[in-house]
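Enquirer: Assemble chain B onto chain A, guided by the hints.
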Amino acid sequence: MPAVRGDGMRGLAVFISDIRNCKSKEAEIKRINKELANIRSKFKGDKTLDGYQKKKYVCKLLFIFLLGHDIDFGHMEAVNLLSSNKYSEKQIGYLFISVLVNTNSDLIKLIIQSIKNDLQSRNPIHVNLALQCIANIGSKEMAEAFGTEIPKLLVSGDTMDVVKQSAALCLLRLFRKSPEIIPGGEWTSRIIHLLNDPHMGVVTAATSLIDALVKKNPDEYKGCVTLAVARLSRIVTASYTDLQDYTYYFVPAPWLSVKLLRLLQNYTPPSEEPGVRGRLSECLETIFNKAQEPPKSKKVQHSNAKNAVLFEAISLIIHNDSEPNLLVRACNQLGQFLSNRETNLRYLALESMCHLATSEFSHEAVKKHQEVVILSMKMEKDVSVRQQAVDLLYAMCDKTNAEEIVQEMLAYLETADYSIREEMVLKVAILAEKYATDFTWYVDVILNLIRIAGDYVSEEVWYRVIQIVINREEVQAYAAKTVFEALQAPTCHENMVKVGGYILGEFGNLIAGDTRSSPQVQFELLHSKYHLCSAATRALLLSTYIKLVNLFPEIKNRVQEVFRADSNLRSADVELQQRASEYLQLSIVASSDVLATVLEEMPAFPERESSILAVLKKKKPGRIPDDVRESKSPQPSATPAPIMNNSNNTSSVSTDLLGLTTPPGTTSNTTGNGLLDVLGDLYTAPKVSPTTVQQNNIKKFLFKNNGVLFENDLIQIGVKSEFRQNLGRIGLFYGNKTQFPIHNVHPELIWTDLHKLNVQMKPMEPVLEAGAQIQQMLTAECIEDFADAPNMSVSFVYNNAPQKISMKLPLTLNKFFEPTEMNGESFFARWKNLGGEQQRAQKIFKAQGSIDITATRTKLAGFGMQLLDGIDPNPDNFVCAGIVHTRLQQVGCLMRLEPNKQAQMFRLTVRSSKETVSQEVCDLLADQF
Amino acid sequence: MMQFMLLFSRQGKLRLQKWYVAHPDKLKKKITRELITTVLARKPKMCSFLEWKDVKVVYKRYASLYFCCAMEQEDNELLTLELIHRYVELLDKYFGSVCELDIIFNFEKAYFILDELVLGGELQETSKKNVLKAIAAQDLLQEEETVDEALRDVGLL
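Same order as they appear, the protein sequences are chains A and B. Residue numbers for the first sequence follow the numbering used here, so the first one is 1420 and each next one is one higher. Residue numbers for the second sequence follow the numbering used here, so the first one is 1074 and each next one is one higher.
Chain A with its partners taken away, still in its complex shape (with noise of 0.2 Å):
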């Protein structure tokens, strides 16, 4: 046992020692568990504890809180501390609480009050503590007790500084929680100011303080940049000697010097007053020099604080991107950096780098360093600098060098880690749509894209090079011979195969004068990838061939034996079932004029921004260069023109690409119902834009399994279900309320896990004529406990306007509760065998209205559990007790629910032997009352 310094407490380095020679976890925590009865028992029954016991027992505890445990009692003990008028009871106090943070009200009154006394002492130690306390845990409560307080210990002439220090920090911590407590007026100068303070660790702890100040009111403390500038100039001229102690290895205040840097982030370049500007400059020029000096010391503490202030430097510099010079200097001191053997240096280099790229004076000095950051990205050891190079290679991409790096990002994304690969084929994908001068060599990055790393192609980016090949005619032929090419590939990935049906079923006529590439080749290319496919790209290959069908009319026969064979006509997926019959009628019953009319090639996409950009901003908030360069620069020549024209067009991201997700073929689904029909619907039936319904009220459908699930002027959807065990059965009521009929009534399933709650729906009669209600039958299994509840959208078509409606289906984790009959004794039995923190969930909630008993009484019997009564000693609280039916196991779980008829509060706690149930269960019953 190593010695105790200071006042050494022997009880806790004895504890200390015994925990520490503890031979396995369970002996510790029986250790603990000893160790917390006594300090409960000393706590409790213990009136003649003095000061020192009190401290020695609090400090266990906080001991005993850094090993892990939850401590839940001393806090009382803690805050009595704070009162002792020796110093190191007090100290102990204030740790406790500053580390065992509480929101307890009652203690929060008391502690505030324990502060003010300290901070009446004449001690300064004994204010510094109370300062510390409130900058380490201070509240909105601490801003309304000491706003007034505060502000005059910073300023005042009287403070010692190292109260001041404190004071200020003070200040800031309380300014994050109510802005308002900082005075205005001569304040403002005042606290500025504090920037001339003789002593360096005042104006360290001010600067920070000034630098949130700014934040918040830039216009108010603009004078501070003046004085900022002056200090800054002060230090860096400075000899290393000049400034003592504030000296950091050869270093004069690196943290004051970064915070000053930082401060003068907020604004932009001094240009009022060209002598402060000029006087900044210099600042820089100096940092530049002194960081090409040979070194004064070899220890990494000197470069790395003579570097973090030039790096802060240099993000000044890019900040105030005013000064071409100093821009280019930078970027030729990161580019040393980036060959520096530190990797740390090579990790900020790059990031840094980042930036300057994106400024039009210093992007071509970037430039320069491609080949140094190529190999960054290929052979650095850390992954998290290769990403930086991909970024930094991203972000100094422009046309003259956009084919060289994309084709090293792609060849890197062979050997790529996984963790970044999605990240960077969306990076390729823009880069490649951006610069493209050559359509054809577009395509080819995205054919190579999804044949490298096809499972992280998403769908906006096949999406995206359909678009643009359907709106650029001169690249329509050479797309079709390239993605024919690609899938002669005995293996391909499945998002080929997507792009290739879309591509070919659109342009598959521009290649077939080659034999090689003939209607029938062509479509058994395709045809031979189907039976690999998943249900979604079946569909869209179906489609696909209806349109060759109107293309090459010679392989109708061959197409419709494919529509006709059972795996399709037959299939268990209702969505190819549907399309392989209706292409099946179509091509039967359609006239080649009719064919081709329907199945016109698909029309041009409106322009609009790539969504793939929008993808990647959401992956990676702040760190995608926004194009400062082509804002800024109205150089033509340097800026890439967008492929797409996005000026006119304003539409949402998530609208984006509507036009992909109904696969093509769908448009003549309308027509399998006889254009008559809707061109009738068009003169007689009120106009009916197309909507798109979102939700419905779910949560009332907890406690009851009949209703009207959904409800508009045209449809009312009703619910019937019944559920036993874990099995459920449910009758969807669909009424039309119209005069007239409901086409294409297609309802979905979207729901993910299936494995936890498998739900099969039946199919149905597509048609809802007016008037009429038909019924569909769903089946629902519990497999085991799930969450929330699944989802489904109803689509039709209504007056050739298409509508679409998402809701919840009424099936929750509840409705497979079996009520559960128990007394009062086994009740509390297992609730106090399931009070381990992994078994029980708790909220606490406002009530809807006023508490009302009855209606509460209803609501709970309907959930599904057993309300037991007579068993809580409270005869106002309701517990509850039943067993959740799975396929895996049953999972027992009981309830309790307390009102608070004062409060108008509810308290909800759910136990059960499984963690996920219990959250669950309390969920869903959250706020329902």
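Don't read these hints as lab results, they were simulated from the structure. Among the hints, a few may not be true.
Said to hold, decoys possible - Which residues of chain B face chain A? A few of them, derived with a C-beta cut under 8 Å, are:
(1) Q1084
(2) L1087
(3) Y1093
(4) E1147
(5) E1181
(6) Q1211
Here the structure is a predicted model, which is why all the values come from computation and not from measurement. The C-beta atom is built at its ideal place from N, Cα and C for all residues, glycine as well.
Expert: Just chain B now, kept in the frame of chain A:
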């Protein structure tokens, strides 16, 4: 602003934690667990900075102990590294070639020293001399109290 600082051993045992943002205990535990695993899995030559969730993690290993700070995006990485170093220097000076055991047995001192260096997540005092002076003043107060107590015990005061 620093969001939190963690000290943990090579075996993943937490030795000190200081939070400057208010998170519920459960979340703190989760963050601690995940971050310790992430940092321990990194190889020695790797970069000391880590983009992790929405914070920037800066860490450095000294003998058997890892010092790990979570900073905000705009904070300076290299200086955070040196802030850790300054803290280690202070511990070293105070304990006299500090080792993990010193911090285990005197965790409260480690906290007091940290409080003089960093306050509310912001750097308070970078001068080694000034921090040690403040700690020495605290120790002096304690010792006086101990002496007073002893004198009182024997009836001399």
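Enquirer: Which constraints among the numbered hints does this structure fail? Numbers only, ascending.
Expert: 1
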